[in-house]
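K.L.:
The primary structure of each chain is shown beneath.
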Amino acid sequence: MNLDNLKNTWDKQDEASNASIEINQPLLFSIGVNQQMEKLRNMKIARIAESVFFFIIIVSLWQYIVSDFTFSAPTISAIILNIFAIIGFAGNIGQLVLMSELDFSAPVKDLQRNMYSVFSHKLQVTRLVLLSVPLYMAYTFLGFDVLFSVDLYQYLSEQMVIFYAISTAILFVIAAWVLSQITYKNITTPWVKKVIGYIVGEQLIDMAEFLNNAETA
Amino acid sequence: MNKTTEIEFSQLMNQHKGIIYKVVNSYCQHHNDRQDLAQEILTALWLSIDKYDSEYKFSTWMYRIALNIAISYYRKDSKRQDRPSINDEQLINIVDITTEEDRSEDIKQLYRFIGQLDKLNKAIMILYLESESYESIANSLGLSKTNVATRIGRIKVTLANQFQD
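Listed in order, the protein sequences are those of chains G and S. If you count the first sequence from 1, position 99 lands on 99 in this note's numbering, and the numbers rise without skipping. Quick note, this note's numbering runs 1000 ahead of the 1-based positions in the second sequence.
A hint or two may mislead.
Here chain G is said to cover these stretches of chain S; the calculated rule only asks that three of the stretch's residues, wherever they fall, bring their Cβ under 8 angstroms from a Cβ of chain G [to be verified]:
1) 1121-1133
2) 1139-1150
Result set (DSSO-like, lysine-lysine): computed pairs, CA atoms no more than 30 angstroms apart in a straight line [claimed, not checked]:
3) G/Lys-7 x S/Lys-1003
4) S/Lys-1156 x G/Lys-12
5) S/Lys-1051 x S/Lys-1145
6) G/Lys-39 x S/Lys-1145
7) S/Lys-1051 x G/Lys-39
8) S/Lys-1003 x S/Lys-1051
9) G/Lys-194 x G/Lys-39
10) S/Lys-1108 x G/Lys-7
11) G/Lys-12 x S/Lys-1145
12) S/Lys-1003 x G/Lys-12
13) G/Lys-7 x G/Lys-122
14) S/Lys-1156 x G/Lys-185
15) S/Lys-1057 x S/Lys-1145
These aren't lab readings, by the way, just hints derived from the structure by calculation. Bear in mind the structure is a predicted one, so any value in this text is a computation, not a measurement. Just so you know, even glycine gets a beta-carbon here, dropped at the ideal spot from N, CA and C.
Isolated chain G (complex conformation) (with noise of 0.2 angstroms):
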C-alpha cells in the first residue's frame, strides 16, 4: 500500500463519515463556552487577581521609595525589587491581551505557540524569582529596614560586600544559564523536561514536544 491508495480508500468514506455523526443542534445552540474555553476564561481571572496584586506591591515600594529619598542600600533594594514588580505586572497584562487575542483558527503553529506562552504563565513567574536570586540581599536590606528600621548595609564590614558581590555575580551567571536552558527548544533535555514537568506539569511537556518538533524540518 502507498499513499496513491490511501487517498483513495480516504476520498470514498466522505458520505459514510457524515452519515456516522448526528448532532443534537437544539443543544449546541443553547451552549454559551467549551472546556476550553472556560479553562482560559479561569486563567484570565487568575491573571487578574495577579495583576493586582504586582499593581499593590509597585505603589507600595513607591511609596517606601518616595517617603524618605536617599542612596542608601534599603532605597536602591526598594528599586530593584519594583523593576521586578513592574516586569511581572507587564507580563501579566501581556498574557491577558494574549489570551483575548487566541484564535483557534489561526495556523497550527501559531496557535499552538500562543497556548504555549499562556500556558507556560507558571514558567515566566518561576523564570522571574530566579532571575532576582542573585539580588537576594536587595529582600534582605529591604526587610531589615521595613522590619527594624535598620540600614543592615552600614553594618557590614568591608569583606561581606566583597563576598556578597561575588556570590551575586557567581548566581547571576548560573541563573543566566539555567533561564536559557529552560525553553522548548531545549525539551529534549532531560533536566529541562523534569523541571518544565515539576514546575508546570505534563500539559506544557507535551505543548513543547510539540512545538520543538514542528520547528525542526
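Assemble the complex: chain G is given as a structure, and chain S must be docked to it using the hints.
P.N.:
Here is chain S on its own, set in the frame of chain G:
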C-alpha cells in the same frame, strides 16, 4: 447568535461534519475520547462562527479549528481509558468505528496507520489525504513548504516499510 446564523451553521455542518469524524478518529484511540473531542470541536466551531470569513473555503477554516483543538486536547488522551459516559443528553453522537460493520477494513487500517504518527504528522497526513496542496498544508499548519514536503516524504517511507513487513 440569531436564527439565520443557526440555520446557516446547521447547513454547513450537514455538509462538512465528516471532517469532525476524520479528525477525532485520527487523534483518539478510545471511543469516549472521540465523543468528548468531537464535542469540543463542534462547540469551538459554533462559538467562532462569527469570525469566519466567507472569502475562504469553509472546510479549510473548519480543519484549522478541528486540528488546533485536537492537538490541544490530545494531551489528555494517552492517559484516558474508555469509561461510560455520564451525560444523559449527548451534544454529538459518533458511531464507534470499531463496531461499524459496513466500514471497510482498509479505512480501519488507514486510521490505525494515522494513529501511529505524531500529532503534527497526523495533521499533515489528514490534509494530504484531503488533496490539499503542499502550500495549503504549509499555510494551515504554519510550516514551510519544504518542511511539509520532507515530512510527507518520511511518512511515505514509514508507510512503505510498514506494509512491506
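K.L.:
Against each hint, give a clear statement of whether it holds in the structure.
P.N.:
Structure-based check of each hint:
1. 1121-1133: holds (count 5)
2. 1139-1150: It holds, with 9 qualifying residues against the three required.
3. G/Lys-7 x S/Lys-1003: 38 angstroms, violated
4. S/Lys-1156 x G/Lys-12: 20 angstroms, holds
5. S/Lys-1051 x S/Lys-1145: 27 angstroms, holds
6. G/Lys-39 x S/Lys-1145: 34 angstroms, violated
7. S/Lys-1051 x G/Lys-39: 21 angstroms, holds
8. S/Lys-1003 x S/Lys-1051: 17 angstroms, holds
9. G/Lys-194 x G/Lys-39: Answer holds: G/Lys-194 to G/Lys-39 is near 24 angstroms, not above 30 angstroms.
10. S/Lys-1108 x G/Lys-7: 14 angstroms, holds
11. G/Lys-12 x S/Lys-1145: 27 angstroms, holds
12. S/Lys-1003 x G/Lys-12: 34 angstroms, violated
13. G/Lys-7 x G/Lys-122: The hint is violated at about 43 angstroms.
14. S/Lys-1156 x G/Lys-185: The hint holds at about 27 angstroms.
15. S/Lys-1057 x S/Lys-1145: Distance ~20 angstroms between S/Lys-1057 and S/Lys-1145 Cα, so the pair holds.
The structure fails hints 3, 6, 12, 13 (numbered hints given earlier, in ascending order).
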